[in-house]
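**Student:** Sequence:
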Amino acid sequence: MPSYVVTGAAKGIGLEFVTQLSADSENAVFAIVRNKTTATQLEALSRNNITILEADVTDAKALQLAANEVSRATDGKLDYLINNAGKSNHPGLALDDFPNTEALEHDLIDVFKTNTIGAIHSTNAFLPLLKNGLAKKVVSITSVLGDPEVTVSTEAIGQVSYSISKAALNMVVAKYAAQYKAEGFTFLAIAPGFVQTSLMPAESEAPGEIRFFERMLSRLSSDYKGLITPEESVKLQLDVIYSWPVEKSGAFVSQFGNKEWF
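Heads up, the sequence shown is in full-length UniProt numbering, so the first residue is 1 and it goes up one at a time.
Everything labelled a hint here was simulated from the structure, so no lab data went into it. Just so you know, not all the hints are guaranteed correct.
As the list claims (entries may be wrong) - Distance condition first, Cα-Cα at most 25 angstroms in a straight line; then the derived PhoX-like pairs of lysine-lysine:
#1 Lys11 <-> Lys131
#2 Lys113 <-> Lys61
#3 Lys181 <-> Lys87
Said to hold, decoys possible - Label pairs and their calculated CB-CB ranges:
#4 Glu260 <-> Gln64: 30 to 40 angstroms
#5 Pro99 <-> Met1: 45 to 55 angstroms
#6 Lys131 <-> Lys248: 34 to 44 angstroms
#7 Leu134 <-> Arg72: 30 to 40 angstroms
#8 Lys259 <-> Lys235: 14 to 24 angstroms
#9 Lys235 <-> Arg47: 13 to 23 angstroms
Even for Gly, the Cβ is constructed at its ideal location relative to N, Cα and C.
Based on the sequences and whatever the hints tell you, model everything.
**Tutor:** Right, here's the structure in full:
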């Protein structure tokens, strides 16, 4: 029975990963959320092969407790870890738009703790189980906004803390890949595409931010047709995850498995 851990599983892309993975009754899916009481959509799936565990990815001790529970259920093994948990604050502000230096530093550190350090804590907590698994795949959900070349070419000045944290996450993936490739591990940073989730506000809520992203994307690709659904994104990502070889461990790719971002 293949086993999966998905962080940030209460909503959006994480919830969709759990939904699609648990559709196969042969899969054991462990969904990690910050708060069980608010994970109503996840609870509503009501599938026997889903286990919901509570842990904030910024809390290494809580993640270790979650890993212990997974270990007891799987006889000490895990096949796939999907580091999906993430956050974004003040997406419309550039580096010099914050009201003061304290606000800027707080935002940078807050987002970095979740998006970058959180993925490290999660990976370290589950590494002993992954070493005993068959697939040995660790996938971190990143973003095209973490690509310096794309940032410059599209003049993407917003989402500063998010972009910086995702660029750092890409390096985290590379570091783990360099360390564990010889042991048969595949580490992969994958950008999910331009997906309609809670990290991306509706146009009615933040029309300026949406227009900013659409201008950026139109500069990046003339084929951009708008937001995709979490369902579309996860289907594409899983195709890449399952087929990605250990020889290419450490890569940073799109949901198409290349550098075509949208």
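**Student:** Could you run down the list of hints and mark each one as holding or not?
**Tutor:** Hints versus structure:
| no. | hint | result |
| --- | --- | --- |
| 1 | Lys11 <-> Lys131 | violated, 28 angstroms |
| 2 | Lys113 <-> Lys61 | holds, 15 angstroms |
| 3 | Lys181 <-> Lys87 | violated, 29 angstroms |
| 4 | Glu260 <-> Gln64: 30 to 40 angstroms | holds, 38 angstroms |
| 5 | Pro99 <-> Met1: 45 to 55 angstroms | holds, 52 angstroms |
| 6 | Lys131 <-> Lys248: 34 to 44 angstroms | violated, 20 angstroms |
| 7 | Leu134 <-> Arg72: 30 to 40 angstroms | violated, 19 angstroms |
| 8 | Lys259 <-> Lys235: 14 to 24 angstroms | holds, 20 angstroms |
| 9 | Lys235 <-> Arg47: 13 to 23 angstroms | holds, 18 angstroms |
Consistency with the previously given hints fails for numbers 1, 3, 6 and 7, ordered from lowest to highest.
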